[in-house]
Each structure stands twice: as C-alpha cells, then as structure tokens.
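K.L.:
Respectively, the protein sequence lines represent chains H and X.
FYI, the numbering for the first sequence is 1 to 198, going by my numbering.
FYI, the numbering for the second sequence is 199 to 300, going by my numbering.
Fair warning: there could be bad hints in the mix.
Among chain X residues calculated to face chain H with C-beta under 8 Å, some are [what the hints assert, rightly or not]:
#: 1; residue: I218
#: 2; residue: A250
#: 3; residue: M258
#: 4; residue: E265
#: 5; residue: I267
#: 6; residue: N269
#: 7; residue: M273
Listed next, the stretches of chain H that the computed footprint assigns to chain X, with coverage defined by at least 3 CB atoms under 8 Å from CB atoms of chain X [to be verified]:
#: 8; segment: 20-29
#: 9; segment: 37-44
#: 10; segment: 71-77
#: 11; segment: 125-135
#: 12; segment: 177-184
#: 13; segment: 187-193
Taking lysine to any residue and the SDA-like style, the derived pairs with C-alpha atoms no more than 20 Å apart in a straight line are [what the hints assert, rightly or not]:
#: 14; chain 1: H; residue 1: K194; chain 2: X; residue 2: W240
#: 15; chain 1: H; residue 1: K169; chain 2: H; residue 2: R159
#: 16; chain 1: H; residue 1: K60; chain 2: X; residue 2: T231
#: 17; chain 1: H; residue 1: K60; chain 2: X; residue 2: Q230
#: 18; chain 1: H; residue 1: K60; chain 2: X; residue 2: L222
#: 19; chain 1: H; residue 1: K169; chain 2: X; residue 2: L222
#: 20; chain 1: H; residue 1: K169; chain 2: H; residue 2: I97
#: 21; chain 1: H; residue 1: K89; chain 2: X; residue 2: F206
#: 22; chain 1: H; residue 1: K194; chain 2: X; residue 2: I218
#: 23; chain 1: H; residue 1: K89; chain 2: X; residue 2: H204
Hint data in this document are derived by calculation from the structure and do not stem from the laboratory.
Idealized CB from N, CA, C, for every residue including glycine.
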Amino acid sequence: MTSQSTPLEYQSQQTRMNILGFWTFLGAEIVLFSTLFASYFILEHNTAGGPTGQDVFVLKDVLIETFLLLTSSFTSGLAIHALRNNDLKGVLIWKIITLVLGASFLAYEINEFFHYVHEGVTMQTSGFASALFTLLGTHGAHVTFGIIWIALLLVQVARRGITVQTSSKLFIASLYWHFLDVVWIFIFTFVYLKGMVM
Amino acid sequence: MSAKSHGFPWNLLVGFILSIALTLLAVFVAFQTDFSGHVILWIIGIMAIFQAIIQLFMFMHVTEGKEGIINVVNMVNAIILALIIVFGTIWVLTSGHASHMH
Chain H
1 MTSQSTPLEY
11 QSQQTRMNIL
21 GFWTFLGAEI
31 VLFSTLFASY
41 FILEHNTAGG
51 PTGQDVFVLK
61 DVLIETFLLL
71 TSSFTSGLAI
81 HALRNNDLKG
91 VLIWKIITLV
101 LGASFLAYEI
111 NEFFHYVHEG
121 VTMQTSGFAS
131 ALFTLLGTHG
141 AHVTFGIIWI
151 ALLLVQVARR
161 GITVQTSSKL
171 FIASLYWHFL
181 DVVWIFIFTF
191 VYLKGMVM
Chain X
199 MSAKSHGFPW
209 NLLVGFILSI
219 ALTLLAVFVA
229 FQTDFSGHVI
239 LWIIGIMAIF
249 QAIIQLFMFM
259 HVTEGKEGII
269 NVVNMVNAII
279 LALIIVFGTI
289 WVLTSGHASH
299 MH
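Please model the entire structure based on the sequences and the hints provided.
P.N.:
This is how it looks when you write it as structure tokens:
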C-alpha cells in the first residue's frame with residue numbers, strides 16, 4: 001500500500017482504527033434496528049380496532065421520501081469522490097446538497113406523522129402504532145442527528161481544509177448516511193409496501 | 199497526498215440508477231402484479247437485500263482498506279444476528295407461543 005493509491009483517510013493508524021471502529025458501531029446499529037423491526041412484525045396486526053397501515057400509508061408521500069433519501073445517499077457518495085480528488089469545493093457542495101435532501105426527507109416525515117395523528121394513529125392508539133412510531137422515529141432521530149453532525153463537520157472542513165483527520169471524519173459521516181439509507185430501504189419494503197399490499 | 203485523480207464516478211451513478219430502478223420495480227411488483235402476498239413479499243424482500251448490497255459495496259466501499267475483510271466479517275455477523283433476532287422473535291411469539299396456548 002503506497003500513499004499514492006491509499007485514500008487520505010487511511011493514511012494514519014488512528015484514522016484507520018476510527019473507520020474500523022465505526023464499522024463495528026454500524027454492526028451494532030444493524031442489531032438495534034433489527035429489534036425494532038422484530039417488534040413491528042409481531043405487533044403490526046394488533047391495531048386494537050384503530051386504523052391499519054393500509055388505511056393510513058400514502059404511496060406517493062413514501063416514494064417522495066424514498067427518492068429524497070436515495071438521492072442524498074448518491075450525493076454523499078459524490079462528496080467522497082470529490083474528497084478523493086482533493087476537491088474541497090466539490091466536497092462542500094455535494095455535502096450541502098446531501099443536507100438539503102436530508103432535511104427535505106425529514107420535513108416530509110414530520111408531515112407524515114402529522115397526517116397519521118390526524119387519521120387517528122398516535123403512539124398510544126395500538127401496538128401497531130407504537131411499533132410503527134418507534135421504528136420510524138428511531139430512524140428519523142438518526143437522520144436528524146446526522147444532519148446536525150454533518151453540518152458541524154462541514155464548518156470544520158471549510159476552516160481546516162482536507163487533511164488526514166477531516167477526510168476520515170467526512171468518510172465516517174458518509175458511512176453513517178449511507179447506512180441510514182440502507183435502513184430506510186428495509187422500512188420502505190417491509191413496513192410500507194408490505195403494509196399496503198398484505 | 200493522493201496524487202491519483204479519480205475519473206467519473208461510474209460506480210456511484212450505476213448504483214444510484216439501480217437503486218431507483220429497484221425501488222420502482224418493487225412498487226410495480228407490489229401493486230401491478232397478481233402474485234400472492236407471500237410471493238410479492240419474497241420478491242420485494244430480495245430486491246431490498248440487493249439494494250443494501252449495492253449501498254455496501256458501491257457507496258460504502260465495505261472491502262476497502264487494510265481492515266476491509268474485518269468489515270465484511272463484522273457485517274456478516276451483524277446480519278446473522280439481525281436475522282436471528284427477527285425470525286427468532288416471530289417464531290417464539292407466533293408459532294412457539296401458540297403451541298403452548300392449549
């Protein structure tokens with residue numbers, strides 16, 4: 001491995017360990033979300049006479065949320081591509097677009113929650129509703145945290161430029177963002193599509 | 199410093215287009231076909247897994263770096279744990295639970 005072909009974020013022992021440690025964290029996150037999915041699968045038919053998923057899910061809104069998050073994952077990847085070309089301006093532009101898309105996703109999701117409450121699905125309505133809000137809410141909280149994290153990180157990157165340290169931070173934040181997209185793919189498939197079809 | 203310039207990010211673009219295509223295909227299978235609910239669930243489930251693999255390899259570069267193989271083992275371990283938790287929970291709380299009801 002020469003420094004010619006190794007991306008900047010892998011060039012110190014510390015940043016390599018940070019990246020490895022973050023992958024370990026993502027492994028734990030997979031387990032966290034699997035427990036929430038398991039609860040949801042057990043409780044999804046326990047609607048206690050309240051509305052079902054089929055009653056309240058709106059395909060158009062869910063698709064918009066999905067495309068916003070998918071595109072933000074793509075632009076986050078483009079930011080890392082710019083990072084590896086040592087293109088600071090490209091990093092900042094693509095990351096800011098990622099943040100705007102992420103914030104739009106969040107706005108749609110909050111709107112979706114208002115829609116559910118309006119339709120009579122609150123956290124207290126039924127086992128289905130509790131499990132749904134817990135799963136979606138945990139994902140949404142992760143997205144919220146990611147937006148704040150990346151926004152603060154961009155301030156640091158703008159000040160310090162692309163270094164071994166800032167590039168590893170950008171790469172790790174990007175891993176986090178792609179991971180949230182992966183979780184959403186499973187929510188989209190096994191909560192929304194499953195709920196609307198079965 | 200990395201002197202090598204990386205060209206057009208084809209793998210990202212291909213991954214993105216595949217993600218959009220798989221999402222739309224899942225919606226099509228779910229709403230426009232006459233398969234039974236179970237068959238639909240299997241098809242869209244496999245497509246979701248395929249999308250996750252695209253993210254892991256094309257966007258997250260899971261195999262990258264000296265520790266790449268450790269990342270892959272870690273992900274496989276986490277996925278096995280997730281499957282045990284999800285299917286174990288469903289099994290214990292449905293069929294396992296039901297068999298002790300009488």
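K.L.:
Hint by hint, say whether it matches the structure.
P.N.:
Hints versus structure:
1. I218: Where the cut-off is 8 Å and the nearest Cβ of chain H is about 6 Å from I218 (chain X), the hint holds.
2. A250: Check passed: Cβ of A250 (chain X) comes within 5 Å of chain H, closer than 8 Å.
3. M258: 5 Å, holds
4. E265: 5 Å, holds
5. I267: 11 Å, violated
6. N269: At 5 Å from the nearest chain H Cβ, N269 (chain X) passes the 8 Å test, so the hint holds.
7. M273: 7 Å, holds
8. 20-29: Per the Cβ count (6), the hint holds.
9. 37-44: As far as the segment 37-44 of chain H goes, the hint holds, because 5 residues have Cβ atoms under 8 Å from chain X.
10. 71-77: Since three or more residues must qualify, the claim that chain X covers the segment 71-77 of chain H holds, with 5 doing so at under 8 Å.
11. 125-135: Three-residue rule not met by the segment 125-135 of chain H, so violated; n is 0.
12. 177-184: Result for this restraint: holds, n = 4.
13. 187-193: Holds: 4 residues of the segment 187-193 of chain H have a Cβ under 8 Å from chain X.
14. H:K194 with X:W240: 10 Å, holds
15. H:K169 with H:R159: 14 Å, holds
16. H:K60 with X:T231: Holds, at roughly 19 Å.
17. H:K60 with X:Q230: Holds - the C-alpha atoms of Q230 (chain X) and K60 (chain H) are around 15 Å apart, at most 20 Å.
18. H:K60 with X:L222: Answer holds: K60 (chain H) to L222 (chain X) is near 12 Å, not above 20 Å.
19. H:K169 with X:L222: With Cα atoms ~33 Å apart, K169 (chain H) and L222 (chain X) exceed 20 Å; violated.
20. H:K169 with H:I97: 18 Å, holds
21. H:K89 with X:F206: 17 Å, holds
22. H:K194 with X:I218: 18 Å, holds
23. H:K89 with X:H204: OK: K89 (chain H) and H204 (chain X) at ~16 Å, within 20 Å.
The structure is inconsistent with the numbered hints 5, 11, 19, although it conforms to all the rest.
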